[in-house]
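J.: For reference, the chains in residue letters:
There are 4 protein chains.
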Amino acid sequence: MLSFESDYVEGAHERILQRLIETNLEQLSGYGQDCYCARAKEKIRQACECPGAEIFFLTGGTQTNMITIDALLKSYEGVAAAKTGHVSTHEAGAVEFHGHKVLELPEHQGKICAKELEAFLKSFWQDENHEHMVFPGMVYISHPTEYGTLYSREELKELSSVCRSYEIPLYLDGARLGYGLMSRDTDVTLPVIAEYCDVFYIGGTKVGALCGEALVFTKDNMPGHFTAVVKQHGALLAKGRLLGIQFDTLFTDGLYFEISRHAIEMAGILKEGLDKKGYRRYLESPTNQQFVILENEKYQALKKEAAMGFWEKPDPGHTVVRLATSWATRREDVEAFLALL
Amino acid sequence: MLSFESDYVEGAHERILQRLIETNLEQLSGYGQDCYCARAKEKIRQACECPGAEIFFLTGGTQTNMITIDALLKSYEGVAAAKTGHVSTHEAGAVEFHGHKVLELPEHQGKICAKELEAFLKSFWQDENHEHMVFPGMVYISHPTEYGTLYSREELKELSSVCRSYEIPLYLDGARLGYGLMSRDTDVTLPVIAEYCDVFYIGGTKVGALCGEALVFTKDNMPGHFTAVVKQHGALLAKGRLLGIQFDTLFTDGLYFEISRHAIEMAGILKEGLDKKGYRRYLESPTNQQFVILENEKYQALKKEAAMGFWEKPDPGHTVVRLATSWATRREDVEAFLALL
Amino acid sequence: MLSFESDYVEGAHERILQRLIETNLEQLSGYGQDCYCARAKEKIRQACECPGAEIFFLTGGTQTNMITIDALLKSYEGVAAAKTGHVSTHEAGAVEFHGHKVLELPEHQGKICAKELEAFLKSFWQDENHEHMVFPGMVYISHPTEYGTLYSREELKELSSVCRSYEIPLYLDGARLGYGLMSRDTDVTLPVIAEYCDVFYIGGTKVGALCGEALVFTKDNMPGHFTAVVKQHGALLAKGRLLGIQFDTLFTDGLYFEISRHAIEMAGILKEGLDKKGYRRYLESPTNQQFVILENEKYQALKKEAAMGFWEKPDPGHTVVRLATSWATRREDVEAFLALL
Amino acid sequence: MLSFESDYVEGAHERILQRLIETNLEQLSGYGQDCYCARAKEKIRQACECPGAEIFFLTGGTQTNMITIDALLKSYEGVAAAKTGHVSTHEAGAVEFHGHKVLELPEHQGKICAKELEAFLKSFWQDENHEHMVFPGMVYISHPTEYGTLYSREELKELSSVCRSYEIPLYLDGARLGYGLMSRDTDVTLPVIAEYCDVFYIGGTKVGALCGEALVFTKDNMPGHFTAVVKQHGALLAKGRLLGIQFDTLFTDGLYFEISRHAIEMAGILKEGLDKKGYRRYLESPTNQQFVILENEKYQALKKEAAMGFWEKPDPGHTVVRLATSWATRREDVEAFLALL
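Protein chains in written order, with our numbering: chain A, 1 to 341; chain B, 1 to 341; chain C, 1 to 341; chain D, 1 to 341.
One or more of the hints may lead you astray.
As the list claims (entries may be wrong) - Taking lysine-lysine and the DSS-like style, the derived pairs with C-alpha atoms no more than 25 Å apart in a straight line are:
id	chain 1	residue 1	chain 2	residue 2
1	A	Lys313	C	Lys115
2	D	Lys122	B	Lys83
3	A	Lys74	D	Lys219
4	B	Lys219	B	Lys43
5	A	Lys83	C	Lys83
6	C	Lys313	A	Lys122
7	B	Lys122	D	Lys313
8	B	Lys122	D	Lys83
9	A	Lys313	A	Lys83
10	C	Lys83	A	Lys122
11	A	Lys74	C	Lys313
12	B	Lys74	D	Lys83
13	C	Lys74	B	Lys74
14	D	Lys83	B	Lys83
15	A	Lys115	C	Lys313
16	A	Lys83	C	Lys219
17	D	Lys122	B	Lys313
18	D	Lys115	B	Lys83
19	C	Lys74	B	Lys219
20	D	Lys115	A	Lys74
21	C	Lys83	A	Lys115
22	A	Lys219	D	Lys74
23	A	Lys304	C	Lys115
24	B	Lys83	D	Lys219
25	C	Lys122	A	Lys313
26	B	Lys313	D	Lys115
27	B	Lys115	D	Lys74
28	C	Lys219	B	Lys74
To be verified - Sample of chain C residues lacking proximity to chain D, with all beta carbon distances greater than 10 Å (derived):
id	residue
29	Glu26
30	Pro106
31	Asn129
32	Asp315
Source of the hints: derived by calculation from the structure; they are not laboratory data. Backbone N, C-alpha and C fix where the C-beta goes; we use that ideal spot for every residue, glycine too.
Kindly produce the complete structure, drawing on both the sequences and the hints.
T.: Structure follows, in structure tokens:
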């Protein structure tokens with residue numbers, strides 16, 4: 001059975017496992033105070049060209065989103081996000097569970113638009129009753145988005161500019177950041193993100209790690225006593241080494257970028273093959289997630305041989321599926337899948 | 001440098017790492033829906049002799065405590081626990097952060113006493129103003145306790161009986177459960193715990209795993225939609241396999257018990273050595289944590305060669321230290337440490 | 001200066017003040033355990049023709065909404081409401097602050113539609129990923145809505161039927177309930193509401209009281225230990241008599257209905273006058289809130305002589321204002337206002 | 001039936017009711033933006049000799065405590081309070097419900113001691129693991145305490161000094177503040193409190209109002225957007241006038257102090273009478289709450305003629321009762337009660 005269902009169906013990159021074994025019996029301090037966490041942070045700072053960045057390792061995306069949002073917002077503030085943002089839709093209400101409203105903005109293939117954001121913020125502050133409303137206290141974007149789309153450097157700059165004029169942080173969810181950075185159609189780099197975003201995270205779980213996200217505060221803005229904040233959210237690993245060693249490995253010799261590029265190449269072969277066979281794509285994604293429109297019969301037949309992500313039914317006769325490649329995708333599997341079409 | 005500072009300074013048992021490698025490229029469902037989680041659960045059910053047990057894997061102790069307590073309590077209820085309980089003292093207020101008071105009971109070397117618990121519960125319900133107070137909604141115990149001490153089977157039975165008469169669950173924090181079960185001075189087994197406790201967890205992080213705790217509901221009492229509850233607490237791992245594979249390995253061929261027994265043997269050698277050299281113990285612990293009273297000078301000298309956990313100063317001239325052995329402790333290290341005394 | 005800005009600019013109906021004076025030195029139990037609370041509850045049960053109704057008095061609308069929603073929902077559930085519902089827009093995020101998402105439904109002049117609600121619920125339960133989403137755990141409607149509109153008996157029945165088939169409660173926010181019940185264009189009565197809604201509240205603050213809302217559980221479904229729940233939300237008045245005496249007075253000799261009818265009559269005169277003078281209404285409201293479209297110049301001129309609620313700008317040249325009558329509105333003030341037009 | 005059960009069994013001082021009637025039909029802005037709130041604030045500032053004080057009116061004590069504590073603390077901080085403090089014992093866990101631990105300090109007849117507070121704070125900051133503990137973020141005291149006792153000016157100064165050296169606010173719960181200020185045995189005045197405390201509230205509910213507490217921030221330290229914070233806790237009254245008019249009246253012509261002095265006089269007569277008849281007091285209270293030790297038979301007999309507050313059983317043969325006088329206590333009732341002894 002082939003699988004293109006998601007980018008987290010395999011374990012971890014072999015170099016990570018190897019390093020876990022090599023370091024296994026070293027006696028290290030707990031709670032992220034070990035040398036591997038320190039090294040990983042230093043390497044990430046360099047990759048971001050942001051020497052003052054403060055970094056914290058967490059285990060998963062929803063956890064990272066909820067803690068970051070909860071730590072940055074005042075109690076009466078909410079987070080503005082696309083209606084389709086992961087925090088709005090697929091985190092079981094973790095943001096609200098921690099007391100904050102997700103203020104939904106219109107989405108354009110998963111992206112928000114600086115003009116609409118500005119109009120929303122302006123309208124809030126002009127409203128005489130705004131003390132009875134939820135204050136917009138930060139902005140959340142995902143990059144790549146839930147639809148695989150990317151912001152351009154110019155778009156990030158515009159969003160950043162709006163946020164700064166309203167003095168609220170811009171937060172970027174990079175669960176699949178590697179796949180965005182290695183896209184052929186992007187002018188956004190890690191240093192660009194570090195410049196325009198106040199906080200962002202570099203996704204590990206979907207890009208070669210067993211688990212782990214690296215949360216980066218770029219503007220000397222990590223909330224005070226952040227360890228205590230993380231602890232009270234139940235997110236402080238006793239063996240912080242597990243995260244440190246993984247990110248140290250991912251940011252050694254460019255591994256994170258190398259394995260991300262592989263996923264993009266595999267997605268490229270997939271797209272080309274689909275195009276050749278005349279399949280319509282649901283939208284144009286420059287990253288590792290591809291959305292294809294299949295006739296229902298074709299979908300049913302294919303499902304028996306390849307796991308795919310069901311996305312939606314655009315009309316009664318068709319099904320949109322999501323096909324995800326990853327660091328672990330094998331070229332022969334892509335070719336075998338294309339052969340089934 | 002020797003280290004007896006804690007039981008989480010090394011990585012994971014080698015068999016676990018080996019299994020991670022062997023299974024690494026298998027394509028598995030996410031969020032704990034994989035075959036290794038299923039197998040691990042089945043093996044735990046058998047070890048508990050509790051065929052109906054419902055099990056959920058989480059990443060750490062504080063996380064497990066806060067989710068379990070939050071999920072089992074109504075909003076107006078609190079959890080009764082020893083004043084020295086981990087939830088009372090060293091979880092950064094995670095229980096209160098999630099809305100619940102820790103109702104502190106007197107402690108006896110870390111343990112609570114059924115009679116005092118009963119008196120507390122009775123007094124609450126007799127108080128005319130109890131609608132203005134925090135309702136005791138469950139009882140938390142740790143086994144081994146934070147002082148390394150253990151409940152006897154009879155004591156568990158008594159606590160359980162009090163809880164049942166007041167219709168509140170008894171929850172056992174087993175962060176170091178293996179070391180309790182393999183103590184030479186215990187009549188408590190996993191099936192005994194499964195019988196008397198309504199919920200408990202089997203600690204992995206401190207007993208051979210990279211991370212992970214197995215939360216066990218023994219009485220058909222897992223809260224509905226528990227996956228959503230875990231998700232909204234930010235605790236649902238995308239690659240649930242990481243936890244499943246670890247617990248599957250730990251509960252194959254009795255590995256969990258075997259490595260726990262090793263820690264107890266090492267603690268035994270340590271105790272014997274300390275006794276021979278005339279060191280006083282702070283209290284009598286039958287598990288892997290040993291508490292020793294050192295003269296301050298001795299403490300300062302020793303610290304240069306061996307990491308130990310500072311515990312407290314019982315008087316100006318002495319220091320109590322905690323020495324922890326673990327699944328990974330080497331006999332030669334214990335002997336080297338004793339030679340330093 | 002005339003004022004039609006809102007329905008809470010005056011104090012309380014004089015009969016209420018008189019009763020406060022008459023009973024002032026009676027020594028009564030605190031926390032709602034007094035005889036006036038008991039009498040008021042009994043009168044409300046009768047007015048609702050719901051002998052088993054359980055009733056709790058609270059001080060304000062947002063407080064009542066947030067406590068009811070928080071008490072009825074499980075932690076992973078949210079409340080479905082119109083995008084324009086008071087809980088969605090003007091309660092400073094009190095629902096989210098207490099941990100729950102407001103699941104926004106399309107609105108039709110403030111109302112939701114049973115078909116769309118059913119489609120939403122169906123779609124949630126059919127989604128394979130619903131454990132990662134917020135569960136719809138109850139439905140919130142306001143009656144009259146924020147636009148002054150009313151549900152028909154048939155519409156309430158349909159909403160109730162959808163809720164029952166999904167086993168979730170239907171909750172009605174009756175901040176202005178009197179003005180809805182006394183509308184000339186309604187077939188909805190208190191017993192109808194008590195039949196179709198699982199919980200609702202009868203607004204006092206906007207209908208003749210100094211403060212106070214009567215929360216009514218109609219189906220033997222008041223959450224256990226509700227006093228403790230209210231207390232922990234900071235909403236339990238020591239002198240519960242303040243609320244009991246007010247509702248006892250409002251439900252004696254039909255005062256609540258009588259003063260509500262007065263507001264409707266005043267609104268009728270206002271509407272008629274506006275129509276005669278050719279003013280367009282923004283929407284057709286059968287209750288005490290009227291929405292009128294004014295030319296900007298007219299609006300600016302009028303503002304100097306009469307306070308009105310700014311609503312929105314439908315186009316650059318016009319302004320929509322809300323004019324609210326109430327139990328305290330004087331006929332001569334309505335006439336004076338019309339004379340200004 | 002006589003009643004000395006509590007100080008909130010009657011309604012409000014007649015001058016308050018009279019003012020409610022006089023102002024009843026004035027059309028006033030909502031949410032505390034009316035002229036009576038403004039006047040009341042100004043009068044309180046003058047009484048406190050604190051021209052910069054920022055004041056907010058809330059409805060009850062638990063509400064005021066929970067909002068103040070929640071608004072002043074960071075998420076990882078708790079509030080230090082006497083074990084017997086109202087927030088520790090009788091607020092249904094409202095502080096914990098809003099996410100914060102009450103850090104219990106030893107109590108001395110309801111009071112905490114500056115030395116013990118300092119030792120606690122010092123010990124916290126010296127603990128190497130304090131990032132895993134709850135940070136002490138503010139200090140709560142009640143004055144009078146739950147036992148009717150009072151801090152001296154010197155004691156307040158010492159507590160204040162400790163708080164300032166640790167840069168945490170000192171908060172004083174003045175639910176019965178008038179009765180403390182008018183005690184014959186105090187050197188503490190409103191300006192003294194305003195000097196040494198960072199925040200405090202002047203209790204209205206127990207001192208002549210129907211409901212209402214005046215929360216005073218003395219050091220330019222009201223949290224930003226406090227109206228929104230109050231709103232999201234469900235505590236913003238639409239008709240803020242209800243609170244403004246009451247406090248305006250209480251602080252006109254010294255009414256608050258005058259009626260408080262009356263309660264103290266009545267307590268004096270009560271104490272003298274008890275002493276004469278040889279009754280032992282449980283502790284020495286200089287305020288309106290008196291604690292008397294009765295033989296059980298006497299208690300049972302008295303209960304039939306006078307409501308008293310049950311406090312505790314110090315031994316099997318005796319009962320401690322609390323007798324509370326108030327602004328409304330009639331001298332003839334005190335005398336009638338004494339005659340029963």
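J.: Indicate, hint by hint, whether the structure satisfies it.
T.: Hints, verified against the model:
1. A:Lys313 with C:Lys115: holds (20 Å)
2. D:Lys122 with B:Lys83: Measuring from Cα to Cα gives roughly 20 Å; hence the hint holds.
3. A:Lys74 with D:Lys219: At roughly 21 Å apart (the allowed maximum being 25 Å), Lys219 of chain D and Lys74 of chain A satisfy the hint.
4. B:Lys219 with B:Lys43: Roughly 17 Å between the alpha carbons, so the hint for Lys219 of chain B and Lys43 of chain B holds.
5. A:Lys83 with C:Lys83: holds (13 Å)
6. C:Lys313 with A:Lys122: Since the Cα atoms of Lys313 of chain C and Lys122 of chain A sit roughly 15 Å apart, the hinted pair holds (cutoff 25 Å).
7. B:Lys122 with D:Lys313: holds (15 Å)
8. B:Lys122 with D:Lys83: holds (20 Å)
9. A:Lys313 with A:Lys83: Judged against 25 Å, a Cα distance of about 19 Å means the pair holds.
10. C:Lys83 with A:Lys122: holds (20 Å)
11. A:Lys74 with C:Lys313: Distance of about 31 Å is beyond 25 Å: violated.
12. B:Lys74 with D:Lys83: Distance ~24 Å between Lys74 of chain B and Lys83 of chain D Cα, so the pair holds.
13. C:Lys74 with B:Lys74: holds (9 Å)
14. D:Lys83 with B:Lys83: Cα-Cα ~13 Å, so holds.
15. A:Lys115 with C:Lys313: holds (20 Å)
16. A:Lys83 with C:Lys219: Not satisfied, since the Cα-Cα distance of roughly 36 Å exceeds 25 Å.
17. D:Lys122 with B:Lys313: Holds, because 15 Å separates the two Cα atoms, which is no more than 25 Å.
18. D:Lys115 with B:Lys83: holds (22 Å)
19. C:Lys74 with B:Lys219: holds (21 Å)
20. D:Lys115 with A:Lys74: violated (34 Å)
21. C:Lys83 with A:Lys115: Since the Cα atoms of Lys83 of chain C and Lys115 of chain A sit roughly 22 Å apart, the hinted pair holds (cutoff 25 Å).
22. A:Lys219 with D:Lys74: Status holds; Cα separation ~21 Å.
23. A:Lys304 with C:Lys115: It is violated: about 35 Å lies between the C-alpha atoms, which goes past 25 Å.
24. B:Lys83 with D:Lys219: violated (36 Å)
25. C:Lys122 with A:Lys313: holds (15 Å)
26. B:Lys313 with D:Lys115: holds (20 Å)
27. B:Lys115 with D:Lys74: Violated, at roughly 38 Å.
28. C:Lys219 with B:Lys74: Holds. Lys219 of chain C to Lys74 of chain B sits at ~21 Å (cutoff 25 Å).
29. Glu26: Violated, since 7 Å does not exceed 10 Å.
30. Pro106: Consistent with the label, Pro106 of chain C stays out of reach of chain D, its closest Cβ about 26 Å off (over 10 Å).
31. Asn129: holds (29 Å)
32. Asp315: Its Cβ never comes within 10 Å of chain D, the nearest being 29 Å, so this holds.
Comparing the model with each numbered hint stated earlier shows that hints 11, 16, 20, 23, 24, 27, 29 do not hold.
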